[in-house]
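Q: Each chain, written out:
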Amino acid sequence: MTDELHGALADLVGSVPVSIDVDRQIARGRRRRRLRRLTAAGATVAAVCAAAIAVATVTAPAGGTRQPAATQPPRPAPATPTTPAPPSQTVRPPAAAGHVPDTVHRTSARSRALLAQLRQLAPELRPIAGGVYSDDERWTDGVPHGLSADVMWQYPPDRIQGASDVQIQLMVTAGTFHGPEVCQSVTAPLEERCTDVRRLPDGSTAYLRDVNLYGGVPVPDRSSGDLVREVRLVRADGVEVWLKATAEGPVQHPVPLDLARVLQIADNVTVFP
Amino acid sequence: MRASEEEGFRQYAQARSPALLRTAYLLCGDWHRAEDIVSTAVVKLYLAWPAMSRVQHLDAYVRQIVVRVWLDERRRPWRREHLTGTLPFDPPEPVEPAGDAAARRLDLQRVLARMPARQRLVLVLRYYEDLSIEATAELLRCSPGAVKSLTNRAIAAVRDLLPAYATAADPEGGR
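As given, the protein sequences belong to chains S and R, one line each in that order. In terms of my numbering, the first sequence has 74 at position 74, counting the first letter as 1, and numbering is strictly consecutive. In terms of my numbering, the second sequence has 173 at position 173, counting the first letter as 1, and numbering is strictly consecutive.
Bound-form chain S, shown alone (with noise of 0.2 Å):
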């Protein structure tokens, strides 16, 4: 059998289609080794001012105005995916013909601000030991597109790594920019059904779907597959949350959120516009 399997596995991808341009390869290489030198050199800058502000502050003359210490618990900033500030890169030409969009995810002040959120928003995801957050901000071409937040637990822990079997993943976005698209109604064939589709008092209508994914496509056995509760809730502004809480299957671990708790969240997630 393994060599059957090796000669059946050889067979199916057979001859490749698709071939790499290494020389535009090289070229974004070189583009973002010039980005990690410039961001090196800015981060030791602001080091420098700030040690600098420092040692002006301590030594300034004693009886100035102070401000008053902050009398409440600092909160998250609320997620404003469509006023960023200009990104540390430069942000290009429109694009030419043939041009490949250049996409990087990196963390921002404002995917920072949604994870604090989705943290504050789902308590009950703290007590569960091992989660590991992260928070991104997607940028093509130097053109804010979405922010995310999301956290993950491996079942056993560090068994594989990168192999996620529980996430809670947030995602926050506006303009020509959209999330997946979940589902498209209750009478949709099965691949695109909803689990349920409600217009919310504020003219949001979220697209809810509870299902198992069976290589990405749903299944009507619940018993096998990736659990799977998401929500797209499309704004009247524009602006979509995307809430997925998800267990890869064979599930082992249930997800710790439900139905109702990933619309309530996703609802209560706050975006300026």
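Worth flagging that the hints you see were computed from the coordinates, not collected in a lab. Predicted, not measured: the structure shown is a model, and the values here were computed from it. Note that beta-carbon positions come from the ideal geometry of N, C-alpha and C, so glycine has one too. Any given hint might turn out to be false.
A few chain S residues facing chain R, derived, Cβ under 7 Å [claimed, not checked]: (1) VAL22; (2) ILE26; (3) TYR214.
Partial list, derived from the structure: chain R residues whose beta carbon lies under 8 Å from chain S [unchecked claim]: (4) PRO18; (5) ARG105; (6) TYR128.
Stretch-level coverage of chain S by chain R, calculated; a stretch enters the list once three of its residues show a Cβ under 8 Å from a Cβ in chain R [claimed, not checked]: (7) 4-13; (8) 28-34.
Start from chain S and add chain R according to the hints.
A: Just chain R now, with coordinates in the frame of chain S:
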């Protein structure tokens, strides 16, 4: 990077990219995503290239980059689930043995698509890349026992869904 180093990188990347594309395709099941994965891996390799002279097994190192990029990519929320009618919706039913080579390829593609990611990864590394249990465990940073277990489950899934491959018993992959 010096010009000679860059030329060395260019030659290596051009020579290895078809093999890397095949591996990435078996992992993700889509040629265009495979192209994205390998492109990202090539950029990462370019950035690390000046230090590559100290790496003993360069091919294994690059394969590891591809696997990590794939694992990272599939965890991104941006990854859309492509809903397509070409995949089956009734996994409990075994796929009938294929009559010809094209149908057989399609059956195997379906089985890989149905398989959980970790099983698929181990299947590709062990049976396509011909890695040993120990090498696979090192690449995945897990124990050899975990690799054996995943291999067993992957083989069982192939046998369940593709009876044509159930002719010989080889529960631990035979390597």
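Q: Does each hint hold? Answer for all of them.
A: Cross-check of the supplied hints:
no., hint, in the structure
1, VAL22, "5 Å, holds"
2, ILE26, "6 Å, holds"
3, TYR214, "5 Å, holds"
4, PRO18, "5 Å, holds"
5, ARG105, "5 Å, holds"
6, TYR128, "4 Å, holds"
7, 4-13, "holds (count 9)"
8, 28-34, "holds (count 4)"
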